[in-house]
Each structure stands twice: as structure tokens, then as C-alpha cells.
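Going by the working numbering, the sequence shown opens with residue 10, and the numbers climb by one from there.
These aren't lab readings, by the way, just hints derived from the structure by calculation.
Hints are all accurate, no fakes.
Computed cross-link-like contacts, EDC-like style, restricted to lysine to aspartate or glutamate with a CA-CA straight-line distance of at most 20 Å:
(1) K132 to E353
(2) K409 to E192
(3) K132 to E117
(4) K55 to D127
(5) K354 to D333
(6) K409 to E138
(7) K132 to E262
(8) K354 to E262
(9) K92 to D114
(10) K55 to D101
(11) K409 to D141
(12) K314 to D333
(13) K132 to E67
(14) K132 to D114
What follows is a set of in silico ranges between Cβ atoms, one per label pair, in the way DEER data are often shown:
(15) S251 to I152: 20 to 26 Å
(16) L319 to M346: 17 to 23 Å
(17) R257 to K314: 30 to 36 Å
(18) S148 to A349: 34 to 40 Å
(19) D69 to E328: 32 to 38 Å
(20) Q344 to R118: 43 to 49 Å
(21) A265 to N193: 29 to 35 Å
(22) T128 to Q344: 52 to 58 Å
Cβ atoms here follow ideal geometry from the backbone N, Cα and C, with glycine treated the same way.
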Amino acid sequence: MLGKKMGNLAFRAISVFLLLSLLAGAPLAEEPQVPDIEAAFKQLVKQVRPYVATVVAETDFSLAEENSGAPAGADFPRAVVDKRIGSGLIADAQGLVLTRRSVVDGMERLFVVIHTGDTLAAKLLGYDEDFDIALLQISRLSISNPLFAHVGAVMEGSWVMILANSLNQKPGVSVGIIRTVLENGFLHVAANIWPGSIGAPVFNFRGQVVGIVAAKMRRSQFAHELSPPFPADECLVIPISSVLPRVRQIAQEARAESGWVGMSVTQYPGERGKPTYKVTFVYRESPAARAGIHLGDEVVAFNGKPVSNLRQLANAIRELSAGDSVSFVIRRSGQLMERAIRVEKRPPLYVLQRWQREQTEQTGVSFARAKRAWPAQPISRTEVIRQRIVRLENELRTLKQMLKQPPKKEH
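Construct all of the structure, not just a fragment, from the sequences and the given hints.
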């Protein structure tokens, strides 16, 4: 209650300040309201600072292959650490942290630096595929849950404040205004955005979370987070009202520690229009691998029931708990076989991603490519990099199209 009152006081004081800034001709330093307005700004930053975090993602990779043609005795690093740093929103007291997927995707070690300066280990819970938001989990915090702005409170002309904490220093504060609300709900905000602000939370002057910074722009042109070290003029913000319901569902499912059998199944067209369900990836040392399930096996039945719907099969597996026993009937080379599997606890997502990369590098069988076509073909390191560039270009193209959409009309 006290935090809400202080937020309302800050909102009124800052609104007066902004109004005077537009109307007053004399320097505001001579006005008696300035000390109160400055105190209101400081109070608002203090109120929301516990919900601003630094997200640090690291991974190791070797340069041995890239430098294989170097002369004998050449002195160059064989292994380096790739590090990404971004901002994040602490979305609840249980330790749910939201950031952009580009900050953590494909990285092995994740850390979150909170407002006290403490560095906490984080695990990846999952992604919101629609908005490219990553969900991280850290230990429970001694804070209250943040306040969230409802959809009707966000409109053109609203003042907002962006707090970025990516450099592990005091929050960088930017004040801006919502220029337009796009048809898809994204917010086009005019404000100075410094490098490392991707994933930073955006607040209104009541201390409520309005959204998350998705991309920086300069003179209406998209700029990736690896931009020169000076601020961008504008940014694109994902509205929190659109993200919150979905990420809460993902977090709830991930925290429930669903069961895991260690294989992926993909639907393909079969004879006479009847679909077939092929095993397109099997993790090494997984329950499925130990049970003798191979890449390319056709899944015919699960726990005595024929498989006729891939979503139902996935949901049934997701509802399992570690220690449960299940059976699969598979078809291999025309022969039916039954395989019993003991379910295990699902590993963190970033661990699964690392295992996928390792198997792809060692066997040449790509997890993504295996899902698109059968049979899978070997994939080179150059092809992996090319596919990543294509994904980034597609994301860039999508964001540019969003900017071209007309402003959302009031009804």
C-alpha cells in the first residue's frame, strides 16, 4: 500500500514537472517545485529498481578448427569465452526473470545480477516463441511482486521510464514518450536507449511495468544490440499485458518439473493420407536411448493406445513424473517392437540445447533439420552459422514490418 501511494505521488509530481517543462519559459532551476520533483524521480527509481536485473550469458568454444591452417608454433587462443550481457525484468518474488531470447539463446552458463549487487545462478525455463522472450529462474527473493499496467492504461502520449542495468552499475535511466501503439500491440517509444538495454523493463510514472525493450532504433531504422556505444533515438517495446499470461503459464509448467523420456517425435504424411510419427532425435544417455529407441523408429502406440495425434502424445508425456514407467510400441524395418521406458526429471532447457549442439557437431545430425525432412543429412559448422544469420535477418525483417504498420486507432 505504501509503495502504491509513493508511486502515485511520484506520478503527480513528475507529471507536473513535464507539464512545466513544456509551458514554462523561464529556467526551471528557479522554480520552487524542482526539489520536490527531483525527490519524486529518485523515489520512483528507488521503488522499481529491485525489479531491474543484469543478465549475463556465457559459453565456451574452441578456435582450433578455425585456426587449423595456422603455421606450426603460432601463438593464438585455442579456447575463448563468448559473453552476452543484457537487461532483464524480475517478474515475481519466486525468481522469475524475463529477458530477450537473443541475450541467452544457445548459451551454456546463465547468471542474474540483482539490485543488491549479488550474482545468482540462473536456469532457462523456456521461451515465449511469439515474442522471443526468455524465461529464467533464480532463487526466491525478499521482494514484493511488481505492479503491472493493464492494457487500457497504455496509450499514445503516455510518459514512460526505462531502467537498464546491463553494465552492472547503477540503473541507467531514460525518460520517453509512447509515440504510437502499433496494430499488433507493440509500443513505439521515443527515448534514448543505450547499448545493453535489450530486455530492459519499461515503467510508467506510477511504478507499474508497461513492457520490455525488444529492439533499438535510430532515425526509424532498426539497430541491433551490437550498435555503436551511443544511445538510439527510439525503441520498440513489447507490452507486458500481452506477454504476462503466456509466460506465467510457461513458468508454471516448467516449475512443475514435468517428465522426460529424451526423444523428439515428428509427424509426417503416410500412406493413404494417414500420418506417421517418426523419432527425429534421441538424446544420448536418455531414457529413450537406454530403452533401445533409435533415430527413424516409427511410434505406433503409447501405453497400449495407438498414436493418432502428436499433440495428445506430447501432453501425455508432459504429464508424467520422474519414476513413472511407460511403454512404446515402435516399428523398425517393418517389425513391431515394444520398449519400456522409466521416466526421468526433465533437464533444464539450456542443458538440452547444449546436448543438441554436441550431438550435431559429433554426428552431423541436426536436430532442427531432422524435424524438417527425413532422413536428416550431415550439417557443417559453416551451415550452422549461415542458418543463424538467416534467423537474425528474418527477425530484423519482421521488426521492420512492425514499424511500417499504421498506429492503432481508438474506438
